[in-house]
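Engineer: Each chain, letter by letter, is given below.
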Amino acid sequence: MAHEVSIGFVGNPNCGKTTLFNAYTGANLKVANWPGVTVEKKEGSFRFHDQEYRLVDLPGTYSLTSYTMEEQVTRQYILSDEVDVIIDVADASSLERNLYLTLQLIELGKPVILALNMMDIVEKRGMEIDLHRLPEMLGIPVIPVSARRKTGLDILMHAAAHHRNQGHDLPLIHHHGNDGPEEHTEQTRHQHQHHKEFAMVYSDEIEDKIDLLIPLLRKNYPELQNYRWHALKLLEHDPEISSRYPVECPEALSKSYEKEIINQKYDFIDEIVQEVLVNKEKKAAITDKADSILTHKWFGLPIFLLIMALVFFFTFTVGDWLKGYFEMGLELFSGGVRTGLETLSVSPLVISLLVDGIIAGVGGILTFLPNILILFLALAFLEDSGYMARVAYVMDSIMGKLGLSGRSFIPMVLGFGCTVPAIMASRALENKRDRYKTMLITPFMSCSARLPIYVLFSQLFFPQCAMLAAYSMYLLGLLVAILCAFLIHLFDKKHTKENALLIELPEYKAPSARTIFIYVWEKVKDYLTKAGTTIFIASILMWFLLNFGPNGYSEDMSQTFGSMIGRWIVPFFAPIGLGFWQIVVALIAGISAKEVVVSSCAVLFGISNINSAAGMSAILGSLGAMGFGPLNAYALMTFSLLYVPCAATLATIKKETNSWGWTGFVALFQIAVAWGVTFLVYHIGLLLI
Amino acid sequence: MITLQEAEAGVAYRVKELSLPVNLERRLEALGLIEGSEIFVLRKKRRGAMIVKVRGTRFAVGYGISSHISVEKGGLSCGA
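Quick note, the sequences are listed as chains A and B, same order. Taking my numbering, the leading residue of the first sequence gets 390, the next gets one more, and so forth. Taking my numbering, the leading residue of the second sequence gets 2, the next gets one more, and so forth.
Check the hints yourself; a few may be wrong.
As a list, the in silico DSSO-like pairs of lysine-lysine whose alpha-carbon atoms are at most 30 Å apart [said to hold, decoys possible]:
#: 1; chain 1: A; residue 1: 790; chain 2: A; residue 2: 882
#: 2; chain 1: B; residue 1: 46; chain 2: A; residue 2: 790
#: 3; chain 1: B; residue 1: 74; chain 2: A; residue 2: 821
#: 4; chain 1: B; residue 1: 46; chain 2: A; residue 2: 598
#: 5; chain 1: B; residue 1: 74; chain 2: A; residue 2: 882
#: 6; chain 1: A; residue 1: 919; chain 2: A; residue 2: 790
#: 7; chain 1: A; residue 1: 539; chain 2: A; residue 2: 513
#: 8; chain 1: A; residue 1: 898; chain 2: A; residue 2: 912
#: 9; chain 1: A; residue 1: 598; chain 2: B; residue 2: 17
#: 10; chain 1: A; residue 1: 914; chain 2: B; residue 2: 74
Since the hints were made in silico from the structure, they are not lab data.
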């Protein structure tokens, strides 16, 4: 068998690269970070015609300069020997912009194949691309594909397999500038000489400099592979290449030719587009019509709020409907295990650990899976349809008043799903101050792990308006986040830079079922893994703490370690209406993962199916006996919403900021805010009752 | 010559000059927004962000950027 072929997928953000990548690899991929940086690396493999292919999804990028981490990672990977072929995925419906990256890739000198994605959209708009002329002008194979409809996939892989050992061997027939004799004479001297090797020939001034630099590079650095590219980078005064391969050549390097090189690339792209694009812009895109409503001056914001309200409405109603089946299953399972073990006369201690500890804790959490599934489904839909970027535009003026750009709002919306990816999404913010601020307030956005807490306690104590009580938590979280941002902005005004929002608004498209499925599956898998690991361990630990005391196993929970720890900390929680040691223990355990607050309650009150009607009345009885009423429940929900984000979030903040100090500050800040807000809620509540 | 911030919606302009921090200029370059690019203003709010179209792609651009780009009326075609 031939050796494995490595294929790197490169492309602009929003070009459908991930959809295409998923079409080949499916959900079986390895996600890790690139060595040394927190940029995601996705890898998948598959077999095709007796050949192993290893596909690497490189970060979406617009160019290959070295100004952002994404660009550096992509560039270094392509230059390394690890990759055999590059598939450049381009959105055919905005060919003009996508070709800029293509030209840069071709210059890198590795085998490149251009995959023209979204050809269906191009056709729909009545446009045509001359697929004969385009490869001629670029000198690389061009394969039309549709990642969504899965057309052209096999042909693309064929091309990759055949092209991997060849550079650009197609004869290039390319005219630079017009054919008019006199006006462009200064551009013609080099073209015949270079034509066979390079798609892109620059003006004589630059080509002359390249010709000066290449022999020097060849002499000084015989190990280099692509002299032309390195010469171009030196002319651009690229910081990385200039410091790694310095060359003494003042007549070529006295000034940076970066602007000229970029301009000439775009000139060439203009030329290409004029030749290959037929029936340009015939039909007004649907996107413009949709945008006239969704990004409307006045309606934009209400529409966004309505969409979010719908998302949560579905999360609660559809999720609750599905949840019924989960509960029935769990009840049968837990009852079966107990009777089964009892007939086998297993020791009551083991039965207690299994049924009251593990099944109650882990199983209780699993019944919330439907709610979480629906929530992530909705978020995936918003992201994949192209709406999320509009949210940044719609929210920009409001965020501007808080000293942030509209772009900061995207991590906040993602925070409704899970804080961990939301914190990672803050990477897209260029400004470090904005990033830190966003990281500080994003955990206040109520993530799906807090959902079980609201669902349980609002159904227990506010049965008539459970959804309203839960919804109020989301609003409260948003409000606290905005308020915090505003206060920071007041103290931080002198550092605030001008609002530099810059975000691409992709075309709207029908979300791809496969992309959404893979996205949601990843989240569900995370949730199940969490249930199987963190929550599993936390449940066992809770069971131990609540069944053992200084005198060994104890039937009386008030004699256990758990109760001792809880009682010791209770004074801190008493002023905010949470002076119950059981609740305190649950909250502390909840730092491992917020769902653990609920699973701990299940263990604490010995209820195997906390989310069922019987379980609820049992817990309501126990809580009522303690004097824990609706106001305490609301205080608990508020505190759970705002206090220290889970361990995974803290770990992510540490990784992103690389600072324990900052991470500790975030944790303390959040406890302080949670305590303060809960104090207010509780005491205002006391006055009202 | 006016700044992009003062430009009207529904009109094509040509970029004359960018005066922004280097990093931002690089990002705009990668997106195809350079001196001489044609830019079409799709929508704008009175203050704050606007939606523009450059080389067939839509972008939301904040005040801090649009007020530092000088433009002049008269792109060749309308970009919409």
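Engineer: Mind listing which of the numbered hints don't hold for this structure, in increasing order?
Structural biologist: 3, 4, 5, 6 and 10
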